[in-house]
Amino acid sequence: MNAHLDDVISAYADGELTGDEAATAEAHLTACPSCRAELSATRQAKAWLSDLPEVMPPFGFYERMLLDPSATPRGRRARLSIRVGAISLAATASIWLAVVGMSGLDANRPSGLPALNSLVSLHQRTPPADRERPSDQGADAAQAQRAASLGLPAVIGGYQLATVVDRGDEQQATYTDGAKTMSVFVLLRYDIAESLLPLGSVERDFAGHPVWIVPGEPNPLILAQVGVNAIVLVGPDPVAPGMTEGVEAASSSRSILDRVQGAGEGLLEAFGFG
Amino acid sequence: VTDPSGGRGQPGHGDIHGDQGDVPTDRVPTWEEVARDHGRFLYTVAYRLTGNHDDAQDLVQEVLLRVRRGLATFTPGSLEGWLSRITTNAFLDDVRKRRRRPLEVVPDLPEALVGVDADPDAALAVERLPDEIQDALRALPPDFRAPLVLCDVVGLDYAEIASTLDIPPGTVRSRIHRGRALLRKALTA
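From first to last, the protein sequence lines stand for chains A and B.
To convert a position in the first sequence, counted from 1, into my numbering, add 2.
To convert a position in the second sequence, counted from 1, into my numbering, add 60.
Hints are computed from structural coordinates only; laboratory data are not their basis.
There could be a bad hint or two in this list.
[Said to hold, decoys possible] Distance ranges between label pairs, derived from CB positions:
#: 1; chain 1: B; residue 1: Lys157; chain 2: A; residue 2: Leu152; range: 42 to 48 Å
#: 2; chain 1: B; residue 1: Asp153; chain 2: A; residue 2: Thr32; range: 41 to 47 Å
#: 3; chain 1: A; residue 1: Arg169; chain 2: B; residue 2: Glu192; range: 16 to 22 Å
Every residue, glycine too, gets a C-beta built ideally from N, C-alpha and C.
With the hints as extra help, turn the sequences into a complete structure.
Written out as structure tokens, the structure is:
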């Protein structure tokens with residue numbers, strides 16, 4: 003038998019050998035238990051790393067960086083209302099609806115728009131078992147208690163509390179109406195900066211509070227500043243076809259608003275804005 | 061900053077300059093686009109390289125500054141490969157800046173590491189938590205950590221890694237192999 007394969011084993015596991023080299027390595031592996039063990043362990047080590055999950059940046063990380071004068075090439079606009087024409091909604095799967103309640107802003111707290119993509123992604127990745135818990139079952143007592151301690155109601159609109167997930171600086175509660183699921187994130191001690199709403203935002207009015215419609219990712223999204231915390235509602239789940247006809251639909255169609263209005267008003271009511 | 065040839069075989073590299081108005085956006089992303097479209101990928105690579113959030117944020121900031129200042133040579137075709145290159149180089153630059161002495165000498169692997177498994181054909185999957193794996197990864201010397209991250213986290217091939225790190229392909233192979241062996245040693249001890 004030839005000498006052991008040594009680092010050829012990693013190259014083999016990575017598919018980096020030519021056909022001839024691979025054939026030679028395989029011939030050796032057949033005859034050499036030691037190298038077979040090494041190959042097995044090498045594949046294990048590779049799997050450890052390749053199976054590692056993506057890492058979320060802290061909320062507002064990129065937004066804060068983009069705002070930092072020492073790092074940004076230019077200042078950001080202050081007002082964004084009614085700029086629907088700037089971005090075509092036709093290319094997006096749906097809209098974000100943002101409700102920004104005004105509160106005293108504290109310069110010491112993090113500000114900026116939270117990483118909305120991350121929240122939508124977290125919502126979408128919430129295990130089906132949690133998302134599809136039957137509404138008649140609802141959350142257990144401990145979950146309901148945790149939600150209550152966060153100021154989250156047991157029912158929002160027609161949606162019932164299903165689960166509460168502790169994600170550190172943000173807490174995620176899922177609500178379901180039996181068919182559709184939405185998530186409510188509580189971003190602890192977080193200020194939403196109105197000026198950072200994406201281009202294309204449209205201002206609306208919910209119960210006397212400004213409402214922002216923002217083009218974005220596959221789930222509708224509502225933001226509200228409630229005291230020192232920010233509340234972000236993601237969902238309900240994917241938009242039906244026909245709701246994405248474009249800019250005109252976003253600015254004038256009731257269907258998009260109707261879709262999130264119930265949940266939005268319920269949320270506002272629950273937090274004392276109603 | 062030069063781009064060693066033989067990487068992804070993409071001719072016609074173009075430098076990014078401060079004035080990006082003249083540059084087609086489908087070829088050269090602005091740093092806002094990088095943050096928006098590849099922010100999580102970039103952060104993940106930075107976190108896996110540095111092993112903690114503070115250093116990952118510093119590293120990402122440095123990457124975006126390099127993108128903005130035109131210090132990074134753009135490679136059309138693979139945006140994430142390009143970002144991985146900038147990130148890894150910024151990481152290794154920082155490592156070398158911080159340490160006074162030359163590259164750490166990594167001892168040869170003990171012979172005992174070869175064939176330690178009792179049953180050579182058993183595919184025993186050893187479950188490890190992401191934090192355990194990250195801790196073991198962070199304990200590796202940076203010159204072993206970087207190729208491993210590029211290979212197994214980013215998914216680059218050896219030629220791309222060699223180009224990114226400006227080292228010979230044979231060195232890539234040996235560092236990846238020894239890096240994995242050290243990782244196994246840490247996680248199966």
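We went through each hint and held it up to the structure:
Under the hint 42 to 48 Å, the C-beta atoms of lysine 157 of chain B and leucine 152 of chain A, about 44 Å apart, fit the expected range. Between aspartate 153 of chain B and threonine 32 of chain A the CB atoms are about 45 Å apart, so this pair conforms to the stated range of 41 to 47 Å. Under the hint 16 to 22 Å, the C-beta atoms of arginine 169 of chain A and glutamate 192 of chain B, about 20 Å apart, fit the expected range.
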